[in-house]
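Residue numbers (numbering that gives the first Met the number 0), protein chains in the order written: chain G, 0 to 187; chain L, 0 to 187.
These are computed hints drawn from the structure, not numbers from a lab.
Wrong hints could be hidden among the right ones.
A pair counts as met if it fits within one copy or between any two copies, since identical chains are not told apart.
[Said to hold, decoys possible] With a straight-line Cα cutoff of 30 Å, these simulated DSBU-like cross-link-like pairs (lysine-lysine) come out:
id, residue 1, residue 2
1, 68, 174
2, 23, 121
3, 27, 121
4, 174, 27
5, 78, 174
6, 23, 174
7, 27, 68
Listed below are the residues making up each chain.
Protein chains: 2
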Amino acid sequence: MQELGRLPGIGARTAERLTFHLLKASDKDALGLADAIRDLKTNIHPCTICYNPTENEVCNVCGDDRREKGVICVVEQPKDLLAFESTGTYRGVYHVLMGHIAPLEGIEAEDLTIDSLLERVKSGGVDEVILATNPTVAGDGTALHITGLLEPLGVRITRLARGLPAGGQIEYANKTILSDALNERREI
Amino acid sequence: MQELGRLPGIGARTAERLTFHLLKASDKDALGLADAIRDLKTNIHPCTICYNPTENEVCNVCGDDRREKGVICVVEQPKDLLAFESTGTYRGVYHVLMGHIAPLEGIEAEDLTIDSLLERVKSGGVDEVILATNPTVAGDGTALHITGLLEPLGVRITRLARGLPAGGQIEYANKTILSDALNERREI
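Using the sequences plus the hints, can you model the full thing?
Spelled out as structure tokens, the structure:
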């Protein structure tokens with residue numbers, strides 16, 4: 000109960016309920032969960048190319064011959080990579096920063112995988128780096144820092160479009176969203 | 000109570016509460032509301048240029064000499080105009096369509112103020128038309144229809160940027176938003 004209660008979003012009552020559920024569950028189910036958690040910590044490690052968690056040397060995306068290796072989408076965390084993969088439209092590869100620069104939280108540029116990204120670009124064959132950090136203060140700051148380091152390398156640098164979310168309503172959008180949508184308007 | 004109960008979002012109980020509030024209120028307050036509602040229907044009418052509701056011949060925006068008359072932002076409804084005005088960054092003028100094309104609801108192109116928009120563009124002095132309809136199926140359809148009518152006139156046609164909303168998180172964005180953000184990515 001104590002161990003389960005340490006998980007995020009699981010309070011004392013939920014931990015109790017989960018514990019009794021495991022007590023009643025079959026050996027197979029309960030030990031299956033224990034093994035899965037052990038595997039997670041022993042077999043899953045960052046991809047040696049892009050830092051996406053994987054069981055293998057390189058992750059599924061980096062190991063896929065059909066992906067365009069010349070386009071790198073830089074994301075903050077593995078969850079963001081999954082979000083882009085779920086669209087089914089992106090054909091390039093990724094680079095996971097493992098966070099964003101946040102000096103107040105003690106996260107400096109050196110704590111991220113930026114050096115490794117620069118090595119990938121320097122080693123050649125990269126046409127475009129898409130900075131896909133979150134459209135927040137920390138994400139924008141991180142993108143700005145990386146832009147400064149990439150510019151001398153002469154690679155094409157892009158960032159995600161910012162504006163109205165598809166399906167949204169103008170009357171409910173805030174001022175920043177509307178300003179972005181106006182300032183970045185496109186020719187038809 | 001019956002009259003108040005007909006307003007949107009006001010049920011029988013709220014209508015009852017409002018009625019007793021007006022009964023207790025001073026003559027000045029209650030009659031002030033009555034006068035305001037009468038004024039609304041008698042004095043407020045669409046601006047003769049852009050269809051934004053106004054008390055005067057032309058609305059505050061169209062009557063302002065400092066606004067760029069060569070840029071017209073086309074919105075679906077007056078609420079959207081107010082949203083853009085609240086950003087404080089837009090310096091052009093507007094055109095209110097008074098809805099969007101929705102054949103299933105019986106709203107055809109002829110029911111909107113599209114003819115009047117075409118007249119404004121034909122009369123000259125217009126450099127750019129920004130199609131700022133909502134990023135929804137109906138809004139996009141309306142924008143497409145207007146684009147077809149404006150193209151022969153040789154005016155520059157733009158639309159609002161679509162992508163990630165400022166302050167949003169990539170992990171919570173849906174597939175359409177992420178696809179838009181990737182497809183419309185910009186050079187840094």
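Tested hints:
1. Within a single copy, residue 68 and residue 174 get their C-alpha atoms only as close as 38 Å, which misses the 30 Å cut-off; across copies the closest is 22 Å, which meets it.
2. In this assembly of identical chains, residue 23 and residue 121 lie within 30 Å of each other by CA distance neither inside one copy nor across copies; the values are 56 Å within and 77 Å between.
3. Proximity of residue 27 and residue 121 under a CA criterion of 30 Å is satisfied in neither setting, with 49 Å inside one chain copy and 76 Å between copies.
4. Neither within a single protomer nor between protomers do residue 174 and residue 27 lie at most 30 Å apart by alpha-carbon distance, with minima of 54 Å and 36 Å respectively.
5. For the homomeric pair residue 78 and residue 174, the shortest alpha-carbon distances inside one copy (28 Å) and between copies (14 Å) are both at most 30 Å.
6. With identical chains, the CA atoms of residue 23 and residue 174 are never at most 30 Å apart, being 54 Å at best within one copy and 39 Å at best between copies.
7. Neither within a single protomer nor between protomers do residue 27 and residue 68 lie at most 30 Å apart by alpha-carbon distance, with minima of 42 Å and 73 Å respectively.
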